[in-house]
Each structure stands twice: as C-alpha cells, then as structure tokens.
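Take the given structure of chain Z and dock chains G, C, A and V with the ligands to it, following the hints.
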Amino acid sequence: FTNDPGSASTVKFGFNVPQTGPYADEGMDELRAQELAVEHINGMGDGGMLNTFSSKALDGTGLLGKKVEFVTGDTQTKSDAARASAKSMIEKDGVIMINGGSSSGVAIAVQGLCQDAGIIFMAGLTHSNDTTGKDKKRNGFRHFFNAYMSGAALAPVLAKQYGKDRRAYHLTADYTWGWTQEESIAAATEALGWETVQKERTPFGVGDYSSYITPVLNSGADVLILNHYGRDMINSINQAVQFGLRDKMVNGKQFEIVVPLYSELMAEGAGEAIKGVYGSMNWNWQLTDEGTKAFVKSFGEKYGRPPSNSAQTCYVQTVLYADAVARAGSFNPCAVVEALEGFEFDGLGNGPTLYRADDHQCFKDVLVMKGKENPTNQFDILEIVDITPRAQVEYAPDHPMFAGGDLGECNPGA
Amino acid sequence: MGILEVKNVSKNFGGLKALSDVNLSVRENTVHAIIGPNGAGKSTLLNCLVGKLIPDTGSVMFDGQSVLGRHPYEINQMGISRVFQTPEIFGDLTVLENMMIPILAKRDGTFELNALTSIGSQKDVIERAEHMLEEMSMADKRHFHSGSLSRGDKRRLEIAMCLSQEPRLLLLDEPTAGMARADTNNTIDLLKQIKEERDITIAIIEHDMHVVFSLAERITVLAQGTPLVEDTPENIKGHPKVREAYLGESA
Amino acid sequence: MDAILLQILNGLDKGSAYAMIALGLTLIFGTLGVVNFAHGALFMIGAFCAVTLNRILNLSYTVVDETQKDFLGNPLKVDVPYVKGIFGDAFGNAIIDWSVPLAILFSIPIMLAVGYAMERGLIKHFYKRPHADQILVTFGLAIVMQEIVKYFFGANPIPTPAPDALKGSIDFGVLVGLDVNAVVYPAWRFVYFCFAALVIGGVFAFLQFTTFGMVVRAGMADRETVGLLGINIDRRFTIMFGIAAAVAGLAGVMYAPINSPNYHMGMDFLVLSFVVVVVGGMGSLPGAVAAGFLLGILESFASMNEVKALLPGIDQIIIYLVAIIILLTRPRGLMGRKGVMED
Amino acid sequence: MFGLDKKDTTLLIVVTALVVLAPFILNPFPADSALAQFNAGYPDLMQRFVIFGIFAIGFNLLFGLTGYLSFGHAAFLGVGSYAAVWMFKLLSYNVVPAIVLAVIVAGLFSVLIGYVSLRRSGIYFSILTLAFAQMSYNLAYSVLTPITNGETGLQVYSNDPQILKGDGPDVTHLFGLEMGSAYTLDIGPWSFVFSAGYYFCAIFMLVAFYLAIRIFRSPFGLMLRAVKSNQQRMAYTGLNTRPYTLAAFVISGMYAGLAGGLMAAMDPLAGAERMQWTASGEVVLMTILGGAGTLIGPVLGAGFIKYFENIFSKINDSVLHQWFSFMPDGMEDFMVFIVHPFIGKGWHLTLGILFMLVVIFLPGGLVEGGQRIAAWLRGRGKKPAGGSGDPEHHPKPAPHVAE
Amino acid sequence: MNVKPDFSKNANMAETAPAYLSVWDMHAYYGESYIVQGVNFNVHEGEILALLGRNGAGKTSTLRSIARIGSPLVTHGEIWLDHQPLHRMTSYEAAQAGLGLVPEDRRIIPGLTVEENIQLAQIAPPIGWELDRIYELFPRLGERRKQEGVTLSGGEQQMLAIARALARDIKVLLLDEPYEGLAPVIVDEIEKTLIHIKEQGMTTIIVEQNAVRALELADRAVILDTGSVAFDGSAAEVLGNAELRAEYLAI
Ligand SMILES: Nc1ncnc2c1ncn2[C@@H]1O[C@H](COP(=O)(O)OP(=O)(O)OP(=O)(O)O)[C@@H](O)[C@H]1O
Ligand SMILES: Nc1ncnc2c1ncn2[C@@H]1O[C@H](COP(=O)(O)OP(=O)(O)OP(=O)(O)O)[C@@H](O)[C@H]1O
Ligand SMILES: CC(C)C[C@H](N)C(=O)O
Ligand SMILES: [Mg+2]
Ligand SMILES: [Mg+2]
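Protein chains in written order, with the working numbering: chain Z, 1 to 414; chain G, 1 to 251; chain C, 1 to 343; chain A, 1 to 403; chain V, 1 to 251.
If you're looking for bench data, these hints aren't it; they were derived computationally from the structure.
Possibly wrong hints are sitting among the right ones.
With a Cα cut of at most 25 Å, we get these calculated BS3-like pairs of lysine-lysine [what the hints assert, rightly or not]:
id, chain 1, residue 1, chain 2, residue 2
1, Z, K160, Z, K293
2, Z, K134, A, K7
3, G, K7, G, K52
4, C, K308, Z, K199
With the rest of the complex left out, here is chain Z (with noise of 0.2 Å):
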C-alpha cells in the first residue's frame, strides 16, 4: 500500500494546515496540537489525553515499535495550494496520512486526493456538510461536527431564547461550507416556526460587509444570521454592530445576530461584538470531565494559552488515528478503515463518540455557546450554554441534507 513504512524505524504523518492566509491562526493553533500529540505518542510529555482515552491500544512507545515523525505544509486556504501540498508530503515525504484543512472547500479537495493516492486522511476543521455527505470518501474521516448539527443543537436553545415567531435573514459565505449552513440552519429554525425573509451570497473575504448589511436593516428581519467564518465573522459581525442592529427592534422585539459556528479565536478577533450572541461550537476548554482537563493541562503548560476547538480536533484526530492502527495492527489505510469504522470511544474531550460507518461521520455531544457579557480575562470570552446531547443532533445516514454521495471503495493505494 501507498507509503508501506515497512521495516523503517519512523512513520512520518503529514499536517497540513493553513499557515498563511485568513485561517492562519486556527492553522498555527493546530500545529501546537499536533505536534503535542504526537509527542504523546511518543511517550514524551505528560500523556494529555491518552490518560483518559477509553482506548488503551496506545501505550507511548510510538506506533507499532515506530516512533512517529511529521511534516508540516501551508494550504494557504486554497484548494490548489492544498493538493500541491498535500501530494508533495505523499509523493516526497512519504506521509501514511495526512491531517488538516480548515475550511471545507481545501478539506474537501484533500480528501479526494488522499482517497486516489491511498492514504487516510482526518479530515480537520470542515464543517460542511458535503464533507461526510455528497463528497465522502472512504479513506477520510471526519471527528469534527457539521452544519446540520449545529442547527439542531442551536435551533432549540434559539427558540427559547428568541421566540418561536422570528424573521431571520441569513448572509452566507458563498461555497459548500455557507450554502450546507444556511440550509441546516434555515430548515432547522424554521422547524420551530421562524421564518426565512432573505438569504444572501457573500463572496469569500470581502472585507466591507457593509452594503450586504444595509438591506437587512428595512428588511423587516429581526434576526441575522452570519453564516461567515474567520476574519469574514469578525468582520460582517463588527460592521453589523456599527450599523446599529443590536440596538434595534423590529416587530417589537430586540434584534438578535447569531452566528451558527463559533470558534474562540474568532471571538478573541470579534471583541465586543459578540457579546451575547449564540452559536455552536464542537468543544470548548471549559468544559469539565477528564479529558478535557488533561488536554488543557497538557497544552496550556506546553503553550501558555488554552487550546482552541481546532486544537482539540486536530489533537484527538491524530490520537484517533495511531489508535486505529495500533488496534488494527497495520498501517494499511484498508485496515485503518476497518479499524476506525463504527468505533466508540471516550474520553477525548467530547463524552462518547461514534465513528459512524455509513458515513464517516462522529457523532457526540455539541455545544451552544454565548459571547459572555463581563469576560474577566483574555481567554474568558465565550460560555457554554447548553450541552446538547448526541442523540439530539444525529440523523439517518441518507438524510436528504446528505445525500448524493457514495463512500466507495477503500483503496489502499501502489
């Protein structure tokens, strides 16, 4: 199979993520983190998660008797940029995996490369749902969650906080990522009774959102919804702000802004603005169970900073990887495949997951968040506001939302 480390002494892993371009700082964040679990594989350090991984096929001595290596690439946020990347870590590097991609249209061209060259790819920060839906392959898999959950896991809390009768005008990032959000988003809220006035295209990073947020304002919408990531959030929030949208009623009531993704640097980027406003998000380091805390520990020691949610996921994403294949026994992306199909774990951060077969899909608990309204300190930005149980936000493998794409065959490469 492609990259067979065979009787090397090393396995190298590949991590390729944004280190230049809008996504910079998440991409950084999740270097920290891989570099940090791959120490742990190797049995330096203090161990993070592993401690509490319900799997204890890793036991710090590396991967099958090797110890792991790595490589970095910069995917600059472009799909191009990505596949040139990520061939040059399989082709030269000869990577057995590859880890990374924020942003679903470069995750989402990675893994159609990783399935033809026959290695696995985990799939980082995508929240599309085509990533495990209409573009899904077999040999990539996805830990992070997705746009249809956090519109079940928002739309409730929503409803509650706002009402059931709201008038929401959604401005979208304009690729697969924006249009699969606003669908989940506008079908779940919708569900409870909201109605959508207008959906609106942005192009990617334009910066000035202002012309795209004057016509919300005698719209007759009482709630915006930003489905815009990264510097784009921070930018269409912060103008939205200054154009007076919080302070304003419409049919009676405050206007709300929600943001269905959050992310903590994004926060940070946003400042004020988000005071107050609900999104979604995968993990957050406040939370409390074991896992958590020793991946905090662990990284903040090492990095003086919490960890993002990107952290988490590139981190148990790694973790998740050497265990499939120190369970399968093979480097074999086939047997990796096998491995990690249907597996249920704990102890990663995120209470029980499933790797859901049909799909590639994880399904575990999501969380709704709030931009707190008196932080205390630079890290202190967001709250957690609700745990919404797994159950809550899983749906059938062929939900018309996710429909249209075919796993195929696992190829195990040359």
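This is chains G, C, A and V with the ligands only, laid out in the frame that chain Z set:
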C-alpha cells in the same frame, strides 16, 4: 494632375488655425519643397497626409485615391513614407534590425504571421538592409543599438529606412537638421540619385536653404497656415515677401 | 427612498477609503511613475499604527487577584494599564478610549519616516528601472512588511474600537424627515468620510496652490531637464513619497475601527486601488478621487437586493465592469494625462 | 539544427538534458539525510516546474517581446483547466481531448479579451486584462458555480457521463498510460522517481520552449520587439500593430491554456483561485524574476518560486532541530530561533526578501546571475577580448581615476 | 595643454585673461563606451566659444558632461566655473552655480504649458529674466503661453528652450544646436539675441552644425574629433584655414 492633390484642407487646434484652406499639388517625379516660418503648419500638413491627423475639411488624394480616414499603415502601403522632424526609429533594436523592418513590411504587407521562419534565413531582406546601410555609409554601425546613436546618425538611419521601402512619395520633415555638413551633402546626393534611379516623388520640408535650393524643383511657401506662393526656386529666392517673412537677409 | 439614501451614504464611506488610498497611490504611481505594490502595505501599516498605539496605551502591570482563577486553576493575574496608574482611572480610560484618533498624530511621523526610508533606501534606485522591476521589488517589500507585521501581531484581525462617543450610529433618516430608524448610519463611518474629505482637501491644496505638484510632474516626465533647471528633484520625490505614505497611513489608521486590522488587509485593497487610480486616469489626482467615490457608490448600489435580483452576480463584478466600460470609452480613464504610463 | 543557430541549439540541448535528467538533478541528497528536505525531485513538484514553465514561457512571449503587461493571464490557465476537467467528466480520463480542448478554449477566450484589451496600451491595458480576469474569477466563484463548482473546484464524480470511458482507467491517462504511474530507482541511499506524468508534461514544455525560440528568432518576433520599441514608427512603416499584438496575446493565451490543461491532466481538479489576480501576479513575478524577454528566464523564475512555495513551507521547527542537533543545546535553540521566522509559515518572508535581492542586484533577473557566473568563469580562463564595435571610439574603459 | 591649470584665485589674478569656465582632462563613458576622451579647453568671461565637429564627435556628450547630467558618466577630470568646482556637483547644483544648458532635442516638458515650462526654470535660484521680458523677445511664445509646450512647432520649441535658459540668471550658456529647425529669419533673431546677451557679459558655448554661422558669431573655436580636442584657437583662424575646415568640418 499631380500624384498628390491637397484641396482646401483646414485644420484647427482649439481656436488656433494651423491650416486654412491649403491647396497643394505635387507633380509626379519631382522634388517639391515646402518652406515657411516656424509654426506655419508645415508639419501639420504632413501629418494630414500620413493619417496622423485628420483635417477638419478638404480632401487629400494620392494617385487618385483619397487618403483621408485611412490608417497610417494603409497610407504607407499605398506608397507614402515619412521621415519625422524628431527621429522616429526603433530605439531598442540594432541598426540592422531597424533596417529590416521596413523591408519586411514592404515584402509581406501589413501583417504576416511568419513566426516559424528564422530571421537569419531571410537572406534577401538582410542583403537589402545591408546594402541600404552601405549607401548611407552606416554599415560599420550595423550592430549598434540604435538608441545610442548620435542624433545625426539616427536621422540618417530613419531616412534609409524610408528609402528602403521604395515609396512613390517620400515625405521628409527637415531631414538634414542636425546633420554635419558633409553628411548633408551626401544626403542631397543620395536623394538626387534616388530620384533619378527610381520613380519617386519627394516632398521636403527644410529650413536649410542650401538643401532646398539644391534639390527642389518646385517650392511652396506656407505662412500662417496658408500657402503664400508656389513657384520655382529661382523665383522664390527673389520673392520679396518670402525674403521678408522667411528668408531674412542672410539667405 | 431610504434604501437609496442608505446606499449613497454607504458608498460614500467605501468611496472615501478607495479615494484616500488611490490618492496616495496616484501620487506615487501616477505622478512619480512607480508601480508601487507596497502601497497596500503602507495602508496596513497605518492601521497597525492604531493597533500599536492602542497596545502601548494598554501596557500594563500585573496584579494577582486571588479571588479569581485562570484557565489552569491558578490565581488570576489581572492587568492594569500604566496610563490608568499615571493619569487616574477616568482620564486614563479616556486616553485609551480615544486611542484611534490619537493614533493620527502618532502615525504621521511614523508614516513619513517609513515613506522616507522606503524612498531613499529602495525606490530611489528604481525610478529609471522598468516597471516590471518596480513591481517585483515593491511586491517583495510588501510581502516582507506583511510578514513582519504577522510575526508580531498574528494573522487574526485585531479589534481596534472607535471611541465610545463615536461608536453608535446617527439617524440620518430623521434629519431629512424620514421615519425614525429608517436610515441609520454608523457614526464612525461618517467621521471617516469627513476625515477623508479633509485629507484629500489638504493634499489638493498643497499640490494645486503651490508649484510643488507641477515640479514633481515635470520631474517625472523628464528628470534630467528639471535638474538642468537647478531643481533638486530627488528631494521633492522623497517628500512626495512621504506624503503619499502618510496619506495611505492615515487612511489606514482611521479604517481600523471599521475593519479590524490584519496583516493582509493591504493586499485586499491593493488591486482595487490600482483599478481606481487607472479608471481615474493616470497622473490625475481629481480623477483618482472621483473614481474612488464613483466606484464606491456603484459598488454599494450593485449590492442592493433589488439590483442583484435583476442581474445576478453584478455585485461581484460591478467595479471591474465599470472599469472596462470607462477605459474603453475614455482612452485615459476619467481624467488621465496623456503619455503617463501609456507604454 | 531544427532551424536554430548554434547558440540556440546548444541552449535547447542543455534544457532538454536538464529536463530529462531532472529526477536526478533535483534529488541530489540521499533520501534519509537531513538535507533530503531540499530534494525537489518528486513527481508533483517536477510537474509543477514544467507546467509553470510553460505558463511563464507563454507569458513572456507577450510581455517580453511586446512589452504588453497582462495582469490577467491566469484567467486563460483557469479556463484551460476547466475545459480539461469537463472533457474528463464528459468523455473519459484520456488526456488528449482534454488538452486539445484546453488550448482551443483558452485561445478563443484570449481572442475575445485580447481584442478588447489591446485597444489600450500601457497600464490601461494591464488594468483591462486584470478586470477581465477578476470578473472571470468572481463569476466562476459565484454565479457560474454550475459550470465551475465554485470554491470546491470542478471535479470528476463517479456519476459523470464519461461516455468514452468504457473500462478505461479511473485516473487520467494517455491511451492507457496512467499519468500517476511512476518508477522508482534506488541507488544506495538515493532514490529517484521517474513519473509518466512528468515526462508527458516535459515533452510539452520542450516543444513549447522550442517554439518560443523559433518565435523569438522569427520575423514575427522582430515585429513584436518593434511594437515594444516604437509603435508610431511601425504604423508609418506600413505595419498594422494590432494583429501582431493580438497574435502574440492569443499565442500566449494558448500557452496558458496548455499549462492549465496539463495541470488538470496531472490532477483532475480545477479551482477558481487559479484565475485570481494573485495567480496572474505570480506569473508576472516568475517572468521578471527569471528575466523578462530572455528565453530561459521565465522557466528559471517559475522553478524558483515553485521551489520555495513547496520546499520552504514544509520545513518546521522539528526539522530545524534535527539539522542543528549537532550543536550544543543552547546554540541549537538559538539557531532554530534565528531561522524559524524564515521557514515554514515564514516562507513568504524569505521569498519576499529574495525578490528584492534579485531585482536590486541582478537587474536582468536570474538569467543575469547566470551570465555573471558564466562570465566570471570564462574570465578566469582567458583574458576578455577588447570592447565591442569600433576600437578607436569605444575602447575598454580606463580604470576610474577621479571622483 | 595638459598642464593642470591653477585655479586658486591668486594665480588667476596673475593671468591676463583668467579662464571663466575651464575643462581639464575630462573623460566620460556611456556604460562601456568611452566617448569623451580627455577634453581640455578654457572659456573666458564674456566670450562665445564655438564647439564644432562631425556627427558623433562627442560635442553633445561634452556639454552633458559639463552640465553634470550623469550620462555620460565623467570618470576623470575637473571642471571649474568661476572658481566653483563643477566636477564635484550634481546637475542641479551645477545649474544653481550658474550653468545653463539648452539641450539638443529641446526637452520641452510634456504635460506643461509654455508658461509652466518657463516658470519651472524660475523655481530654483538664481532667477533671471522675467516672463514679460522673455515674451518681449519671443512674442510667439507669449501668444502660445497656455498651449502645451510639446505641441509647439519645432521652431517654437527651440525658442522655448532658449527662453528657459534665459529665465535663469546664468553665468555660462551652453547651446546645443540652437539653430536647428529654425527658419532663417528666426536664426537671425536668435543670433541677434546671442549677441545682445553677450554684450551684457554672458559667456556662451555654442555647438552648431552650421559651422560658418557659428564661427562668424564666435570669438574662439574648439573642434572635437572622436572625443578629444583636435583644434583650439580663434574662430577667425578656422574660417581662414581651409585644410582644417575640410578635415574636421567638411566645409
Ligand atoms: N496638437 C496640437 N495642439 C495645438 N496646437 C498645435 C498642435 N500641433 C501643432 N500646433 C500648432 O500649430 C502650428 C503649426 O505647427 P507645425 O508643427 O505644423 O509648424 P511647422 O510649420 O512644422 O513649424 P516648424 O518649422 O517650426 O517645425 C503651431 O503654431 C503649433 O503650435
Ligand atoms: N546614450 C548613449 N549610449 C551610448 N553611446 C552613446 C549615447 N549617446 C551617444 N553615444 C555615442 O557617443 C558618440 C558621441 O555622441 P554625441 O551625441 O556626443 O555626438 P555629437 O558630436 O553631439 O553628434 P551630433 O552632431 O550627431 O549631435 C556617438 O558615437 C554616439 O553613438
Ligand atoms: C474552518 C471551519 C471550521 C469552517 C470553515 N469555514 C469551513 O469551511 O468549514
Ligand atoms: Mg515642423
Ligand atoms: Mg549632438
């Protein structure tokens, strides 16, 4: 009927009447000089002939065909070549390459996509170019970068380029300005020779009366945008008005 | 009606940014003839002047607060800015609050120095070099400036708020007799517009009412001859460059509260500002300003839902479409000078 | 040979040798040495070298010869890629129809854009091409998503028609020869990869390069240089500059289309960002960096930039620690600290600095660097001959005495 | 001739006619091309010097070297103007020290009107003639003051170039082919002007292809040949020496 017939041509620049109602007829196979004070409109008139300017009124016929509204390159292909008052050459190319371009244009027309033949194989063109350079006694400079020629040399190169096209009408705007006396004389000889050997008509603007009177068979004096007189050199020399307005005492 | 009024306002502030950036760029590009791909970076540095001043004012000493815990469970360290310590709470807070306007003063010497260093150290040697070389060297410089900023400030946008007093919005609708809340416009954007008008006016006054502009234009057309007339054109080029850098920087400082500064913001504006300058016409200051506002307003209108419904995708291409139309109907843009960068 | 003079033939032969032997030349370090990081001899990067080489050669035919600086050339590359992927989707994974269509579509597209843009010159031309390309990009990203699949990029799906596929391979191939197939040769600790895809692209690159030499040396090429030098004189010499510039534009657009088609043939995905201004800017930078108007310069520039993008971005701190591990600990950390900002995520910084250094010290680009080295080598061999031209008036400069 | 003159004031006092402008052993290059090959000459105050030679002899290069333009690059030699070391100055400093060059291709600044072109000369000290006085000398320029300078006719441009020099209070006027392209009457005019300003004490170097004309005007003549001085003597001497004229001037 002359080969070139200019009828009632006027040209204004804003409020300025650069040319008003100019009539001019150049007979085939003659050297026709246009002289006149600075700013009289001589260069402007030439510009109207080659398509650089379009006159406000009037007509310009070359060999029975109107040149008005045609592109400069079409006019050139009809057989009119022009030497400019400040040298216009291909400054980035060598002298020899400069020479080859008009020859290629003459041979291949306004456009030819001969992208896959090599220049080196165009023996006829190179030969002819070298020959022209000989005639202009510039052969030793053939591989010079033409932009770094002295100005007199640039001008000679430009004349050679125009001559190489064997135009039927050659327009010269102060061709010998800034040229050393020896070269001026050579140029006069060359023009004479060419006129004799080939079927060519020359219209020349000059302030150097030595050149004018050595070459011209007819002279038109232009002043303030209108022709003052047209006559033979002898008569012009003695024309009181011309002496006063243009030649001054020293001529 | 109110929607249109809103879009006009909206176009004005976008236009102000375009116009100011383009104004600086046209001084370097249209007047000095240097294709300056680092101009966006100058804008970005201006914005980071605001960030830096904000950080400086927020320089703090640490007090350990035993009553609270940090994320690792240790006692929380609380930062107290020195300015509060020095000037007392109220005044200290006010200074921090007004850090962006204060940054105008802070940025002018910095930007002049950056412009000076850039021109003397680098650009000076490139006036006579082909445009292609200028592109390469200024692009390289832009990358270097960006990466340095990224190294110190990270890749994420850094929120840099306007003073509290200017944070809210103004209800323009009421002023012109429309309903309350019909035309609400952020106060700071209006401030930005006024500021831009001031800067643009200042630059115009300087260049139109003195011979400085004429000399620089002449020097650009023919340095040699201007030197023969006894004029030290190098010095004037340096000054011009400094002014251009300062204008770009000022545009950036005041833009910080509108869009949180990040290291890449300059590149995002770069291409657009070149388009604006060229549509305005090379070498024309009024052209650049007019094109800036024109494109800003058109862009704003094109993103109205009514327009988009009619012509899908128009909001994405309006600027380029208008640029093409203008350049095809007017050979040298709106007010370009003949012979500037035409070959 | 091949209608080239001696100098050009030598150049062509040298380039051919370099291209053919690239798998060796680019992999000078043993696979498990610390310097293996700097090896560039893996198929994907080698393919990129030649594909971007083609792109840059084509760009240079326009810019280097006529002086028209197009800032929208990536649009043609992108269009070529889309066309090729559509061929994969509709017909089969055979690369021949894909590449043919890529070149044709890019050619047609460049006729359109060139016809309009060439009505202006100088910076106005540059901005027109930029505007067209940005429009194409923005549309490809938004309303044209049905054709381009937006940001995700156009891909082949298993349910695409592929009417000619039959039971042909599921990857791109040339009548059955899979582009991804490769042969690895291990010699001691060295490992060399020979990839079918690379050699396929390399053949195109050599042909493209050969044609470029022919064009440079042709009367047509002379006319293009004349356009750059003095359009006014051209017109008054009876030449219509417009068809010349348009022809150059279209040829160069077709080169870009070929590059785009090859890109898709190597990796059947076409992303919209291929058309963004940054991509157009990149080819401009490649050409200038290598040496605009020179034959080999653009190829060198393309290689240089792609090398940095792909090699430097992958060096991380752990690699650094490996390199400096021979040093004492404190020293090691210090070295890593010093080098850190320039590698990995800092590769842009290194590239930026190199751009500046090259333009400042080598005004003619990398080619000039090569010439200087060659001259220096030759200078050591024999004394330089006297100055060119007339020795009387142009002798070698005397040593500078005063000032 | 190759003895370095002593420029100290005292030494000058000792001489009967001190050199006002002195060029000593000047060498200059265009890139690799060695063009000015050791030029020496002196000009005395109030004198008109004719600098003659064939095309490409290096006349323009010599003037440009004196004006410190930087191209050609002067690598060796000294230039003193009224005790000021021009060779240590940049072109604008030399201009402020009192040097005025009217360049051969006129170099009217595009984009500027006639008047702006003149005003440009009056920005840096020392300021010379006022606008009115200039327009009095060249009424044609007065009429055209708002027109863009480069659209003037060739002769008008020449007037403007001279006007620009007069607008500065210069000590030495360097004229590179001032008569080129001018109508004979205007040449007479300019000649009169030159005599007029000479009477006011102006020192002038004139480069001219019309050697006879220049020699009649000049006090002294220097003839250049391939970059070095072939003759230095009185103007009358050249006019009287047929051999010299034939060899270097072809007249
Ligand atoms: N583009 C233009 N715009 C405005 N005025 C112009 C333009 N071109 C020429 N003129 C004016 O028209 C008049 C005629 O100019 P023209 O160049 O034809 O003169 P000329 O007879 O060639 O003079 P000379 O012998 O000095 O070259 C001049 O007064 C000139 O200033
Ligand atoms: N920019 C340049 N680069 C290289 N060589 C040059 C350059 N300018 C002039 N030359 C060369 O220098 C020599 C002297 O030129 P210069 O212009 O000084 O001659 P000149 O005596 O003024 O001639 P003319 O009477 O034709 O104006 C010529 O051989 C010319 O080719
Ligand atoms: C970075 C991710 C969490 C979100 C991103 N916008 C996506 O495409 O999925
Ligand atoms: Mg004229
Ligand atoms: Mg000369």
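Verification of the supplied hints:
For the suggested pair K160/Z and K293/Z, the alpha carbons sit about 30 Å apart, so the restraint of at most 25 Å is broken. For the proposed pair K134/Z and K7/A, the alpha carbon gap of about 56 Å is over 25 Å, so the pair is violated. Straight-line distance between C-alpha atoms of K7/G and K52/G comes to about 18 Å, which keeps the hinted pair within the 25 Å bound. The hinted pair formed by K308/C and K199/Z meets the criterion: a straight-line CA distance of about 12 Å does not exceed 25 Å.
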